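Visitor: For the sequence shown, position 294 matches number 294 in my numbering, and the numbering has no gaps at all.
Honestly, the hints are just simulated from the structure, not real lab data. Treat the numbers as computed from the prediction; the structure is a model and nothing was measured. Heads up, some of the hints might be wrong.
What the hints assert, rightly or not - Calculated lysine-lysine pairs in the DSS-like style (CA-CA distance at most 27 Å, straight line):
| id | residue 1 | residue 2 |
| --- | --- | --- |
| 1 | LYS256 | LYS192 |
| 2 | LYS106 | LYS192 |
| 3 | LYS265 | LYS225 |
| 4 | LYS222 | LYS192 |
| 5 | LYS106 | LYS130 |
| 6 | LYS222 | LYS203 |
| 7 | LYS474 | LYS376 |
| 8 | LYS130 | LYS203 |
| 9 | LYS482 | LYS440 |
| 10 | LYS203 | LYS135 |
| 11 | LYS474 | LYS110 |
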Amino acid sequence: MKSCDILYDLCQEFAVISRAKKTELQRQQNALAFSQPNQLYCGDCLTVLDPIANESVDLIYIDPPFYSQRVYENIWNEESERFAFEDRWAGGINHYVNYLTTRINKMHVKLKASGSFYIHLDWHISHYMKIELDKIFGYGNFQAEIIWRRTSAHIDTIGFGHISDSIFFYTKSDRFTWNPQYRPYSEEHLSKSYRHKDPATGKRFMLADLTGAGIRHGETGKAWKKINPTEWNRHWIRPPGELQELDRKGLIYWPKRGGMPRLIKFLSERGQPIDNIWTDIPPVTSQSAERLGYPTQKPVALLERIVEASSNPGDLVLDGFCGCGTTLAAAQKLRRRWIGIDISQTAIRVVERRLQKLGATNYEVHGLVGSIEQLKALNPFEFQNWAINAVYGQHAPRKVADMGIDGFTFLEHHPIQVKQASHVGRPVVDSLVGVLERQKDDKGMIIAFGFTSGAVEEVARLERESKITIQLIKCSDLLEGKIPYKAMA
């Protein structure tokens, strides 16, 4: 045996061993990953993301509240759990864009270099966010705008009906995970395009052109099998050598009465590759078996397609606005690890019930508070965080020396005061009025365990005589999911 042959055999053997070792290492890593519990957090993803390791997430999908000026109110399958979901951003489009951009910037840091990012938006905001996303991920890392038809019909009094959402797909680099997805061919497509059948195998095939328009003077312009494409003012789509190989494999159809040969293209058993127009996944309706009652619930088939396309078993999937947990359900079913985050206590409880029905046990829940006693036991800063999150507010930049402001209402930016007390009286109301005067504002909020009659009466007088609106929010209402907070323009 020649030395070059020996060297070749050794290289081949080494390659086989390397692949085996790599496969075993991947198996061990997956086993280790699955031994770690998945994570479910109740809180604002802006702060919850902090302890998560940078460049540790393989896939991020988010479906943030839409900028749609709609109000959703719903019963979560239990009479005792009334959940008001308010998708209304009185602060304006710039506030909403800033809110999302701040959080997406932090998610970008957590994403691996090989990771993918999907964001689900509607027509109100998608064009604004596209510009910001290009800045964060880079224009070259924009992969696709997926158009999902979420309903078959929508009657608008003026103009075209809005029946679709946009899902923007970005990657962090050009080295990203990609698993092509397929859908079954429609009968109409089969009967129209794949009319022919191979008599030996019964497989369907279509006939395609072997030539293209125009004369070429290179290899593709030469005669093949005594057929000169130039005479037809055309050229071959493949060089003659490749045509010869296709003919040898029986992939060229020769018309019995002469004429141009055609290329035989057999029907792929995998189906039709999925493009960026998704019309085959119906929305969740009142009749859907998977319906949980969440007002913007997405079908699990939609998330399964995304998870399968942009991750592998054992990969880590994150949803920063997990809502009723559709992303987590898809990840759980497809053997991916997951992290779910949502600011709503009620939403997290719904996710827990959903995971339990799927048989999921290997997960930890963080940030849920179930009773007034637990709230009273929190340290002051933890209680303040809980209260601000419970009304979807924004935290004040400083926890101490905050000039009487613990947070701000979401987007409208009216001051919030949080008191870990059961009998908040008029002095606290007077204090907030002073804050409003300094801020040149006429609206504010106080969150506490309870309020005295003096506080309630003073709030009523202020609104009646001074046009100052102060909302008094009880922690018990927030715990029960009533969320009496309404956006203040």
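Visitor: Decide, hint by hint, whether the structure agrees.
Guide: Going through the hints against the structure:
no. : hint            : in the structure
1   : LYS256 x LYS192 : 22 Å, holds
2   : LYS106 x LYS192 : 49 Å, violated
3   : LYS265 x LYS225 : 20 Å, holds
4   : LYS222 x LYS192 : 33 Å, violated
5   : LYS106 x LYS130 : 17 Å, holds
6   : LYS222 x LYS203 : 32 Å, violated
7   : LYS474 x LYS376 : 13 Å, holds
8   : LYS130 x LYS203 : 44 Å, violated
9   : LYS482 x LYS440 : 30 Å, violated
10  : LYS203 x LYS135 : 48 Å, violated
11  : LYS474 x LYS110 : 36 Å, violated
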